[in-house]
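Chains V and F, in that order, give the protein sequences.
Quick note on numbering that gives the first Met the number 0: the first sequence kicks off at 0 and runs consecutively.
Quick note on numbering that gives the first Met the number 0: the second sequence kicks off at 0 and runs consecutively.
Keep in mind that the hints were calculated from the coordinates and are not lab data.
Take these hints with a grain of salt, some might be off.
[Stated by the list, open to error] Over 10 Å on every C-beta distance to chain V, these chain F residues come out as not near it, computed from the model:
id	residue
1	L205
2	G315
3	P346
4	V349
[Said to hold, decoys possible] Calculated pairs, PhoX-like style, for lysine-lysine (alpha carbon to alpha carbon, straight line, at most 25 Å):
id	chain 1	residue 1	chain 2	residue 2
5	V	K44	F	K273
6	F	K334	F	K117
7	F	K150	F	K138
8	F	K81	F	K331
9	F	K273	V	K41
10	F	K138	F	K334
All C-beta atoms, glycine included, are put in the ideal place defined by N, C-alpha and C.
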Amino acid sequence: MTYEEFARARLAPLARYAVMLTGDRHSAEDLVQETMVRAQLKWRKVSRADAPEQYVKRMMVNLYLDWQRGSWWKRVLVRADAGAGLGVPDTAEGSADRDVIWQALSHLPRQQRAALVLRFYEDLPDAEIAEVLGCTVGTARGYVSKALTALRARLTPGLIAGGSR
Amino acid sequence: MNEDELRAAFARHEAEAPDMEQLNTTINREAARRRKRRGTLLAGSAAAAVALLVGIPVYLTGPARPVGQNTAASSHRATARKDLNLLLLGSDHRGSWAEGEARSDTIVIVHIPADRRKIYLISVNRDERVAIPGHGVDKINSAFFFGVQRKGGAQGGLELVEETLTQLSGITFDGGAVLEYAALRGITDTLGGVPVCLPGKVDIYLAPNARPSKQLPAGCQTLHGADALSLVRQRYGLPYGGLDRDRNAQRFLLGVAQKASELKLPEDAATILKLSRTDGLTIDLPDISALDLAGQLSNVKAADVVALSLTAAFHGDRQGETIPAEGLALLKAVKEGSIDAAIMAHPDLVLTR
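Input sequences plus hints: build the corresponding full structure.
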């Protein structure tokens, strides 16, 4: 499979996956761009992986987790090239009441959010979540359950928002 | 909130995915830009004749310390931005140092002028007869042996070869590395092979009058460990014996430089770690930060690595070789920082690629 074939088939789902991780379109754009640029540059290695798509997703999660630690985005600034995407309204604006969950997600630590995305968007079993996040199965389960607890706390009136972070 | 609501929240926001066509264009443009930049970087870290043998291990193990007990010889070495001279030795030693049976058959002075625009690799033929401090006149490859005897280990050998060359030329050394031939094999394999371009075929002989056990063809090829080792050790059957062997060692170093410069962190951390732990590699780099050096050399391209020899022909007899006037002039120029002029006067000392 060439990179071009992969991109044609998989860029859209990967972009959606990036939206789930980052929570907004522009960060998602940065994340998916950086991931795919790297995937393209080392395509021979990526294409040799048993499951190239999983491999690329793992790259993306790692970039997402490194977002602040490694500061790749500071160096890259791909976004400067992609101005046309700016200013698109967040769909949350029109459906604020339903999107409290989406809002609440943005308060989670990255690992926890990533774990939720892998569990409830990608529908991965715990073992694969652990593999993608590079932690033990127990830790992965812990992320999911802590994240759910934190979300529920935030969505339940009367509890102090942010108390569970 | 139940899990289905969470799933629904994710599903609703799928629509926010960015525009694919534009995204694709941006990705391809950025990848092309970086590929181009990577091309120059790759050449740029031609520091790697240094970077591989010197830089990478130091980078990983923290501040360098001389391997031997004796650090006095290092104390005079300065750190300011000036010409840098490093010494790379290839040793035929195998097994325990206690046996002391080790000579350095490959001797390369790495000269990096203060402006850091080029790297010069200057091979010294192992058969050159020179005055070895404390041991009279002998072939220079035995200086390593005497040094090993004197202080033990590769570090001692390295120091006496440095002293010998300093006495001969006035060049002082800022650091060095000793590479046992076995290490060369390990490094080559860890790098996944090393590219070399040979001007003619090389028959691999294990002894002077034996039949060749293998032949490396003329032209560009990627050598794996065993063949790389055979190449840099081979002098039988080459028109200029040991001189041609030095040329092939230079070709090998240029290939190593290229391969090592393709390594990147963090992707290749495991490879770099493995390189740094190559058996048979001794580093002495007392006062230089390899990272600083790599930074200073970031504009050096592969074409800016110039490989030279002290002689283009034999000038000796069965007792050994004598460094010709042009070779001595080259050493003097290294000391005085005027190497380009010396090369202009004797272009035949430059390795033709």
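Checked hints:
Listed as a non-interface residue, L205 of chain F keeps its Cβ farther than 10 Å from every Cβ of chain V; the least gap is roughly 37 Å. G315 of chain F, annotated as away from the interface, keeps every beta carbon of chain V farther than 10 Å; the closest lies near 50 Å. Every CB of chain V is more than 10 Å from the CB of P346 of chain F (nearest about 39 Å), matching its label as outside the interface. For V349 of chain F, the requirement that its beta carbon stay farther than 10 Å from each beta carbon of chain V is met, with the minimum near 35 Å.
Of the supplied pair hints, the one linking K44 of chain V and K273 of chain F holds, its CA atoms being roughly 20 Å apart against a limit of 25 Å. Note on K334 of chain F and K117 of chain F: the hinted pairing holds, with a Cα-Cα distance of about 16 Å set against a maximum of 25 Å. The hinted pair formed by K150 of chain F and K138 of chain F meets the criterion: a straight-line CA distance of about 19 Å does not exceed 25 Å. Taking the CA atoms of K81 of chain F and K331 of chain F, the gap is about 16 Å. The hint holds against a cut of 25 Å.
A distance of roughly 21 Å separates the Cα atoms of K273 of chain F and K41 of chain V; the hinted pair therefore holds under the 25 Å criterion. Annotation: proposed proximity of K138 of chain F to K334 of chain F holds, straight-line Cα distance about 22 Å (limit 25 Å).
Of the numbered hints listed earlier, not one is contradicted by the structure.
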